[in-house]
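Enquirer: First to last, the protein sequences are chains L and U. Residues 1 to 258 in the numbering used here are what the first sequence spells out, letter by letter. Residues 1 to 258 in the numbering used here are what the second sequence spells out, letter by letter.
These aren't lab readings, by the way, just hints derived from the structure by calculation. Quick caveat, the model's predicted, so the values are computed rather than measured. Check the hints yourself; a few may be wrong.
Identical copies look the same in the list; a pair holds intra-copy or inter-copy alike.
In silico EDC-like links for lysine to aspartate or glutamate, alpha-carbon gap of 20 Å or less [stated by the list, open to error]: (1) Lys98 - Glu254; (2) Lys98 - Asp255; (3) Lys78 - Glu89; (4) Lys98 - Glu70; (5) Lys98 - Glu68; (6) Lys98 - Glu153; (7) Lys98 - Asp190; (8) Lys98 - Asp131.
Protein chains: 2
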Amino acid sequence: MPGRLEIVALPGLPQVGAGDDLAGMLLEALERAGLQLIAGDVLVLAQKIVSKAEGRLVRLADVTPTPEAEQLAADTAKDPRLVQLILDESAAVVRLRKGNPGVIVVEHRLGWIHANAGIDQSNVSEGDPGDWALLLPRDPNASAARLRAEIHERTGVLAGILINDSFGRAWRVGTCGTAIGSAGITVVEDLRGQPDMFGRTLEVTVVGRGDEIAAAASLVMGQAGEGTPAVLLRGLAAEDSPATAADLIRPRQEDLFR
Amino acid sequence: MPGRLEIVALPGLPQVGAGDDLAGMLLEALERAGLQLIAGDVLVLAQKIVSKAEGRLVRLADVTPTPEAEQLAADTAKDPRLVQLILDESAAVVRLRKGNPGVIVVEHRLGWIHANAGIDQSNVSEGDPGDWALLLPRDPNASAARLRAEIHERTGVLAGILINDSFGRAWRVGTCGTAIGSAGITVVEDLRGQPDMFGRTLEVTVVGRGDEIAAAASLVMGQAGEGTPAVLLRGLAAEDSPATAADLIRPRQEDLFR
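One chain only, chain L, in its complex shape (with noise of 0.2 Å):
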């Protein structure tokens, strides 16, 4: 356990495009900042510029809606377009509520349970931003062990990746930076069978780190006009888990709020 954590914004990222060289910003927005990568450091990315670099950008002129879109949008006050990403990126609705503005409550194809498949239309295009929406990654943690590597081979250094997300909570107000891909990093950490200071066994200690990570870093990481999205987090015990974000997907069959 880490007495101490430093949480640096990178800046000066360039606006990220599709194809990018990812990993070549970051070490260079690294080198500006007169910070050298060491083991143990862990660098979290915004969905956004991963999602753009890997061309996840669709114009919504491109999509044609079908009739359950078509319902689903009048119900939300949403762009049926729109709604039809948020479909096809879902394996389920999980809840609805309708209304202007509605709430689309999806489980992601990948897993996770939130609003609109996390997809984004702020900040996605100098034109007209209602014309583009911002899918997420294909595979978070797939991105995320690809960074990783590809920084390693650079610089020699295994740091860990973690992308987030902003997601909203069920009885909480407001979004939480949580982890939607991860590399190199323990995600969750099990204290169960440890002892307590005074020799009790833990019983029920599970600690969602990689979200508490993502959270930390969404801390500095700017939410509009002045956006940082690329955060070192150096002092996290030392990092090398074969463990990606998955592992924080609660298993279907333990919900209990489905």
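With chain L's structure known, arrange chain U on it following the hints.
Expert: Chain U only, in chain L's frame:
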């Protein structure tokens, strides 16, 4: 939005008992760590030390379970006296999973939806820990405000105070540090109406910043034996808000999952 955040666990905090001067203990721990409190700093305290200082330890031998508690306890393989305390602290049972161990998810009398009304049996006593249970503080926002005032009086510095606890999540594995009390901190950041990078107005971005702070602090708090239940966060934007952690509780009429 700050670009750099430091998170430091305060070492050497002694065991806390009922009636202890928590503000004094925190200031001594800061001094030992060579840290001088400055305006804008946030101190995060684990629920456990606040509860202990406020005398919220209950001896199970003093609890007489009702038939309702006996039945719930049989269903979930828990101590009936512990279940009685859970019911006493709760407004309603929200979900029940029978089994061994079972799960009792409640709405706490203060509005949180969580397991076991936040009642803890680890790290609570040097005797047989099975004999004791630790309830959450009676009014954690009031506890935070009191600590803020006491620290202000002794140092002249208005620090933010946040009390965190480990909450499970409906669809995620593992607990995450969550804000149950605060004073002086902007716990909900409302970015709606602000322009994004391309001038588009953000529509739905409300950030649960208090919970992100709670999660970040949890990363450096020991969970098991070597606990460091007090943490300093330095580098957040200046904190001087009238908000409290109650603002992070989703109103019942907006709850889609109860």
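Enquirer: Against this structure, judge whether each hint is valid.
Expert: Outcome of the hint check:
| no. | hint | verdict |
| --- | --- | --- |
| 1 | Lys98 - Glu254 | between (28 Å within a copy, 12 Å between copies) |
| 2 | Lys98 - Asp255 | between (24 Å within a copy, 13 Å between copies) |
| 3 | Lys78 - Glu89 | within (16 Å within a copy, 41 Å between copies) |
| 4 | Lys98 - Glu70 | within (13 Å within a copy, 41 Å between copies) |
| 5 | Lys98 - Glu68 | within (14 Å within a copy, 38 Å between copies) |
| 6 | Lys98 - Glu153 | neither (50 Å within a copy, 50 Å between copies) |
| 7 | Lys98 - Asp190 | neither (39 Å within a copy, 23 Å between copies) |
| 8 | Lys98 - Asp131 | neither (23 Å within a copy, 49 Å between copies) |
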